[in-house]
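Engineer: Next come the chains, spelled out residue by residue.
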Amino acid sequence: MKILTCPLNGPRPVSEFFYWGEVRPMPNPAAASDDEWADYVFNRNGAPGVKREWWCHTPSNTWFIAERDTEKDVVLKTYFYTGEE
Amino acid sequence: MPWRLLRFALNKKHPEPRMFTYHEKLKSSYDVVIIGAGGHGLAAAYYLARDHGITNVCVLEKGYIGGGNTGRNTTIIRSNYLTPEGVKFYDESVKLWQDLSTDFDLNLFYANRGHFTLAHTDSALRTMRWRAEVNKHYGVNSEVVGPEVVKEAAPMIDLSCAGHSPILGALYHAPGSVARHDAVAWGYGRGADQRGVEIHQQTEVLGIDVQGGKVKGVKTSRGYIATNKVLCAVAGSTPRILKMVDVKTPLYIHPLQAMVSEPVKPWLDPILVSGSLHVYISQSARGELVMGASLDPYELHGTRSTLDFVEGLSTHMLEMFPFLSNVKVMRQWAGMADMTPDFAPIMGMTPVEGFYLDSGWGTWGFKATPVCGKTMSHTVVNDAPHPLITGFSLDRFRNFALTGEKGAASVGH
Ligand SMILES: Cc1cc2nc3c(=O)[nH]c(=O)nc-3n(C[C@H](O)[C@H](O)[C@H](O)COP(=O)(O)OP(=O)(O)OC[C@H]3O[C@@H](n4cnc5c(N)ncnc54)[C@H](O)[C@@H]3O)c2cc1C
Chain P
1 MKILTCPLNG PRPVSEFFYW GEVRPMPNPA AASDDEWADY VFNRNGAPGV KREWWCHTPS
61 NTWFIAERDT EKDVVLKTYF YTGEE
Chain B
1001 MPWRLLRFAL NKKHPEPRMF TYHEKLKSSY DVVIIGAGGH GLAAAYYLAR DHGITNVCVL
1061 EKGYIGGGNT GRNTTIIRSN YLTPEGVKFY DESVKLWQDL STDFDLNLFY ANRGHFTLAH
1121 TDSALRTMRW RAEVNKHYGV NSEVVGPEVV KEAAPMIDLS CAGHSPILGA LYHAPGSVAR
1181 HDAVAWGYGR GADQRGVEIH QQTEVLGIDV QGGKVKGVKT SRGYIATNKV LCAVAGSTPR
1241 ILKMVDVKTP LYIHPLQAMV SEPVKPWLDP ILVSGSLHVY ISQSARGELV MGASLDPYEL
1301 HGTRSTLDFV EGLSTHMLEM FPFLSNVKVM RQWAGMADMT PDFAPIMGMT PVEGFYLDSG
1361 WGTWGFKATP VCGKTMSHTV VNDAPHPLIT GFSLDRFRNF ALTGEKGAAS VGH
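Heads up: the sequence lines are chains P and B, in that order. In terms of my numbering, the first sequence opens at residue 1 and continues consecutively. In terms of my numbering, the second sequence opens at residue 1001 and continues consecutively.
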């Protein structure tokens, strides 16, 4: 991957983007047990696969989601977050 | 060539001794199965056999010996870390390195060069004073020095770094060294092999048989093996193995790249690291400049290398050493670094009985090869963590008790 398609600005060099990890639902901090909270804060799905990830186009501060195969480094699609899981 | 010499060479009675025994078949069971024939796995096998007399052991390797991060790293050895747990652990490793060549009867080209971590900002200098004090407290040779000492050790350096990041001082660590990486794997491997350990290359672990929370066996590309103890030492492949045993960890994988230049006359004795410019350099015995930077910016389970990396690294290297502008880059490559949030490893026991983990070695685990072998073999034999690794246990995350090593490990591997 050398070019990433920003949903707002179109295809741009990957050096303009910032990676912020996999999209993960946050447990309710008020209700979660210490173990659930530690799991959310620290643990990651480290194995390769197709993942939904947060990316940001830094010059325009545009946050969006990329679906990427982390073994082949191929981006399947990019789109804005809609709040629906 | 004299005729007699040729006849000698072709005579089957005097075969060239092989470094490793080839085993046609896997046995149906072993006392201990080690996954990964990198330095760490082979060192553990070596100490299991040498110090604990356990030789019914096999090391399974999906590729070839030392073909993972062991053979891809830039071989910096040092112990000037930040946390007491780290300093004690790496110091033990540096001590073990000293007589490894003799132990193996194999030249590891261990070269004591001295190691400078350059400070370009006041805050960097502050961290270095902190590190120096922790280091000295544990008897590790480490001190903060001024820019003139850096200049004396590396006269070709531009102390102003092209005018925009002047060097204010450095953390100097006299024991800093480099060694021949493949030879380390070969030495441990041969030593283990001679004591009866079986090393199986081209043998991939495909699954782990866990019943009632206990390890029962291992599924490999060459058949099933029964065992009660599995040591996982696969660096960048650790999350894949953890999936097989259903253990959750904070490990994440980013590539780390490095490159070497064409060989040039010796001009650089010490190892230099700049945290602010995100680069480091040393000169190998062959004259190549071995250079690296910090992690790639996003997760990837592959070992591709990029032009971005060479451009970025070269730009900063030229700020430090402008005279290198005509030197050519010869090779570049990458390894998969198994990173942790606190830049300390994850070692020891796991929730699965009989499954031991030596991981989280990210960009800094080559120097720890000897001490990891020592402490992991102890842990496997006693079914309890070695005292030197209790600060690196997996449950430190659940207990919110991290071992914050970032200040000493993020660029200077
Ligand atoms: C570019 C780079 C520079 C570095 N620089 C330094 C440095 O200067 N100093 C330092 O101390 N550290 C450095 N490191 C880190 C260091 O290289 C590693 O932490 C260390 O080598 C890890 O050794 P290992 O034996 O645990 O893993 P590896 O050497 O990676 O061995 C793991 C082995 O497991 C095998 N394997 C994986 N999956 C399976 C499976 N399913 N079945 C069977 N076998 C499997 C792999 O093929 C591999 O051979 C650097 C790393 C990189 C990438």
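Just so you know, the hints here were simulated from the structure itself, not pulled from any lab data. Hints may be right or wrong, so weigh each one.
Unchecked claim - Here are the simulated BS3-like pairs of lysine-lysine, each with C-alpha atoms no more than 27 Å apart in a straight line:
| hint | chain 1 | residue 1 | chain 2 | residue 2 |
| --- | --- | --- | --- | --- |
| 1 | P | 72 | B | 1248 |
| 2 | B | 1088 | B | 1062 |
| 3 | B | 1219 | P | 72 |
To be verified - Short, incomplete list of chain B residues facing chain P, as computed with Cβ under 8 Å:
| hint | residue |
| --- | --- |
| 4 | 1010 |
| 5 | 1013 |
| 6 | 1239 |
| 7 | 1240 |
| 8 | 1267 |
| 9 | 1297 |
| 10 | 1299 |
Backbone N, C-alpha and C fix where the C-beta goes; we use that ideal spot for every residue, glycine too.
Engineer: Work down the list of hints and note, for each, if the structure agrees.
Structural biologist: Evaluated hints:
1. The straight-line distance between the Cα atoms of residue 72 of chain P and residue 1248 of chain B is roughly 23 Å, inside the 27 Å bound, and the hint therefore holds.
2. For the hint pairing residue 1088 of chain B with residue 1062 of chain B, the CA-to-CA distance comes to about 33 Å; that exceeds 27 Å, so the pair is violated.
3. Among the hinted pairs, residue 1219 of chain B with residue 72 of chain P is consistent with the structure: their alpha-carbon atoms are about 25 Å apart, no more than 27 Å.
4. For the restraint placing residue 1010 of chain B at the interface with chain P, the shortest Cβ-Cβ distance is roughly 47 Å, beyond the 8 Å limit, so the hint is violated.
5. A cut of 8 Å between beta carbons decides the hint on residue 1013 of chain B: the least distance to chain P is about 49 Å, and the hint is violated.
6. For residue 1239 of chain B, the interface hint holds, the least distance from its beta-carbon to any beta-carbon of chain P being 3 Å, beneath 8 Å.
7. A hinted interface residue such as residue 1240 of chain B counts as satisfied when its beta carbon comes closer than 8 Å to some beta carbon of chain P; here the least separation is about 5 Å, so the hint holds.
8. Given hint, residue 1267 of chain B at the interface with chain P, is violated; its Cβ is 32 Å from that chain's nearest Cβ, farther than 8 Å.
9. For residue 1297 of chain B, the suggested interface contact is upheld, since its CB lies about 6 Å from the closest CB of chain P, less than 8 Å.
10. Look at residue 1299 of chain B: its Cβ gets to within about 5 Å of chain P, closer than 8 Å, so that hint holds up.
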